[in-house]
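Asks: Okay, here's what each chain looks like letter by letter:
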Amino acid sequence: MQRTGRLDVFADEPRRAGAARRRGLLWVILTRDRAAAVGAVLIAGLLALAVVGPWFAPYDPTRQDLQARRATASREHLLGTDEFGRDLLSRVLVGARYTLAASVVAVGIGTAAGASLGLAMGYFGGRLDRMATRFVDMLLAFPYLLLAIVVVGVLGPSLQNAVLAVGITSLPIYVRVARAATLVVRQQEFVAAALAIGGSHGHTIRRLVLPNVLGPVVVTATVGMAHAVHATAGLSFLGLGAQPPVPEWGAMLSSGRNYLLDAPHVATVPGIAIVVAMLGFNLLGDALRDALDPRMR
Amino acid sequence: MRRWIVGLVAAAVMAALALGVPPAAMSQRPGGTLRMGTGVEPLSLDPHHYRAGGIDLVVISLVTDGLVWIDRSLKLVPRLAESWEWVDTKTLRFKLRKGVVFSDGTPWNAEAARLNFERMMKAAEVQGFFGQLAGADVVDDATILLRLKNPYAPILRNLAAPVGGMLSPKAIREQDRTMARRPVGTGPFVVEEWLPRERLVLARNPRHWGTPPKLDRIQFRPFPEESTRLLAFHAGELDVIQNPVPSTVKALERDQRYQVLRVTQTRNLWMGFKMQDPLVGRNLKLRQAVAHAINRTALVRLVAEGLAIEARSFFPTIVIPLPPSAYPYDTSAAKRLLAEAGFAQGVRLQLRAPQARYLKDREIAEAIQEQLKVVGIQTDLKIMEWGAFSQDLLKHEGQQLWIQGWGFLTGDPDAPRGLLYSGGPFNSFGLRNPRVDSLFDRGTTTLDEDQRKTIYAELDRVLVREEAVVVPIYFQVGFFAITRKVRDLYLHPLELIDVSTTWLSQ
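Protein chains in written order, with the numbering used here: chain A, 1 to 297; chain B, 1 to 506.
Misleading hints may appear alongside valid ones.
[Stated by the list, open to error] Across the chosen pairs, the derived CB separations fall in these ranges:
id	chain 1	residue 1	chain 2	residue 2	range
1	A	A68	B	Q256	26 to 34 Å
2	B	E397	A	A68	34 to 42 Å
3	B	P425	A	L78	49 to 57 Å
4	A	A68	B	T228	25 to 33 Å
5	A	S116	B	G398	32 to 40 Å
6	B	L279	A	S116	39 to 47 Å
7	B	R181	A	L78	49 to 57 Å
8	B	R348	A	S74	29 to 37 Å
9	B	T228	A	S74	27 to 35 Å
10	A	A132	B	L195	52 to 60 Å
11	B	A251	A	A68	17 to 25 Å
12	A	I272	B	G387	16 to 24 Å
13	A	W27	B	T331	54 to 62 Å
[Said to hold, decoys possible] Covered by chain A, per the in silico footprint, the following chain B stretches (three or more residues, Cβ under 8 Å):
id	segment
14	291-304
15	360-372
16	375-388
Hints are computed from structural coordinates only; laboratory data are not their basis.
All C-beta atoms in this analysis are idealised placements derived from N, C-alpha and C, irrespective of residue type, glycine included.
Here chain B stands alone, though its shape is the one from the complex:
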């Protein structure tokens, strides 16, 4: 009888252990380095002089904080401001968080905020976000008034984006030129080391105002080759990889050692027409023919392995719900329009695409080349490395078609203003369309959400259907593969990662 009881107690203890009453060794141990394999390396870490979305903004969001923040459910939450309110339609009042210091020891206060607002107003790259800023007035050490030129609906979301990151006034004064390599912010991490093309190391910021992260360091290593990145992951050199090869995602999901994280993102991929080009820019029917020739279902299901969402509009439907505007796949319509455009004998166009920047970018370009060939449009395809590609984006000579994506970094439909507005800093289309401009203007000065939806639906129809300056391809789904060692890492829909609670088990 007694042995029976002893046995029962022993079994109960074993069961308790097995069922996960957490023993000390299993607790959320702080420390360690999270090693992450990325596709490209950042071009600039200066939030106000940012040059590309993607990894640049991931790093910026870990090193700097904005006044507000957009959480994983796309809601606005306080960050360096404790609260805010609209004083009138053109003025915002922010109450700042107290006791915050930058990683170089400089205190965060209203004067620091004002200096950053001034820097944002001067930086050409962020005019799409902050072009409406008229100025800032310091009320007291912890209160600042932000004045706008016009009523501007997206301003809070824009300030919440990584480009709204606040930099140390001391660093702005003393090392403004090197900010792209060593930004000084209030974020949970600081840039410790950056060897170009080798690794970028962030270390925990001991002066961070919030809950300290559990990780000591995050190391980013660029692997432009998808297969090399995957091999390094299998070899145990990396804990996290960005965008594993789509054809291997299923195998990774089956593998007990790994876990695949997914999130629907606010980035689209499309093919654009250079509107300054005499051939495609002045020939609507040619553009419509190209649009009709694209079989996006095949591109998404077969080339992108179903790991993206087919785009039937330019604006991602997660950002704003819209009716479909894209031309349907119809090769006979494409051939007819091509003939009406005067190219019954066929035409030859230049097509450019980046490599390892977007999901299956090169492969999509090659498949598009073939789809266009079927209707009689020959293309000279040039595949370029992202750095060279992005530098050429704003050139217009001898280019007609290219493939690009756009991140709606703030989750607001005004995000592509810099891409499409006349003279915008990222206007790779060379588009100058008064109707597009006025719709963008109405969209931002209108504060009513339902009215905004109507405005952006019209804008989408103009861009995709009436003017046919862009052919939507897909909306991106982000996915990362992590090892079982990595716990509590979350993906953010705005292409960021949430490592605030991440820890590494044994």
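Chain A extracted, bound-state conformation:
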């Protein structure tokens, strides 16, 4: 325990300074970079929708009114209705929660599993690293959609499985990022020093390596959110994700496209929602990368 205390003296110095510098830079970027600000606002809006949206939904998003099917925008239905007379505004509002939750979980799976694997590979090296690298290369060789379809094909179509599939397919990217960052940190003198004075691997990883690897992983994850929104919606579009009557945006887009010629709003409304969410994550992700990338400083 005594030893641990001493180690912390070494450990905290670069970590705290780095974190403070990052926070400051992030704020500067967000206030100076207009695109980043737009992204942040979009994401904040999406978050707000996901949290409070369902309370503002004027109708039950699954309630059908066949008489009022494919109605265009009106006072009763601000964004019109879909092919079953369901209120599109309510569906988009409630769908925000599904979309956001699905993306967060998918990215969570990718980062948690991918980053820890990458970290272990970079830190320990050796046979584990060589074998895992081959495996990751193999995963990378598949187009992500194909891999996701295989995963869903094995597990069966549902939103949960689609999220799992998107998480698994994004895994290699996080492995790569975490491994590369770990390799750099592993060579640093403070890591060698910590090990030399008898610090355990677990401790060294937790207190010295992980904080320095987290930055690039967080950036990748933010950009990855846009990808997850897109991929989850894509799987639902193909009928491999959310099953009816879940108001998932991709599934809504998919069923709406049959009416593109006579009721284009049914597909357009969820389509715009997907575009807005992806735009927000991309803009914010770009700004974060600029803020955290040492080469940009």
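Given chain A, put chain B in place with the hints provided.
Replies: Showing chain B alone in chain A's frame:
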């Protein structure tokens, strides 16, 4: 005066031309490829090992011929047999057409017919049609006797269906395993090329015995997405599309470039109950509650856009006229029965439906999900692509409700025997009901048409009302959209197309 006469003659000539004394260029030109967009692609082209109705049978009927044929007015006409007669109630004698050869050059004769009968008797998939065959005896090269186990009323219609298609004996001996992809028959077309999920091309059979078709080729391309199929049609990539999106049928009819063909078909759509399932299979009141909760008028008029006929019985009324047997839409009765079944707090059921197989299948399932929810029945709906869906049909674990259709391919009410008879090859219900079995048996051994109607009316009442194993939804109306270029293409009520006189204008 003379100029006046010249003018009159010129005007008369012009008028004659305009009024359609057919100039040479307008005659029924042979040749060309008819490009058709379908919903799904065939699963098997082997008539005796068929796996699905629909496009499979369209192609089989163009490649192979049966002994007899059912024409567009549902009458039996000769095809590979020139004539037939009942020798006694269990024996049929066929006089075969002479000078016919299969597309591989093998001659058609009584021995070829006998070999095909044997193949039909062995194939599990067609037992619903040919399970009553006891054997066949060759009398001479052009005469064959067909023996039945019992008097069996539907046999001639069954032989006329695409599943009664005759295959080349040489092909049966040498390439039986690949028959599902390359059937060899005597029909007007042969399979020229089949790239899965891409296109299936039929070419005119130069050895066909009948009037040769005018078309050189027919190309079938699968478009599981209705809107993609329609866009390809608008883009001029297709001459014919099967089942255009119902909401666009009116627009297609208004468009001068297209024509919409319709025909009342012998296919129904229904929701079935898995009778092996402990929850719905042993709970009549739950099944009745579900049946009462279905508003089929709304499903047909609003979801199917009025492009189907509301079904109040399981058997299509075009096949056999029946009194209505379906439970009426009554949500209070549904709630009461649900409570009596012990589910006053509600119940959760599994519902499966195919996509792009039947008119508005996915949408009907989604609307049913909502209709059931209103009375307190939650459903987990799983929408599946047809290939995967049909493979899962005969599984019973964890499934309770599903949506399916049944084609009465021969126009005979015995058609759903394989679907409902105990142990039938298509018994997706898992139904084992002695009363249903005995009614099916009586229906086929009775040759009197009026008695048959009474029997099938009773069968319908047992299935729909007393046992409530099936909830009828609609009878299908088939429609195709064609471009003005396509002439003399006809739809057949048995979900087939008649291209024997089809030609393509400029």
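Asks: Okay, which hints does this one fail, numbers in order?
Replies: 10 and 12
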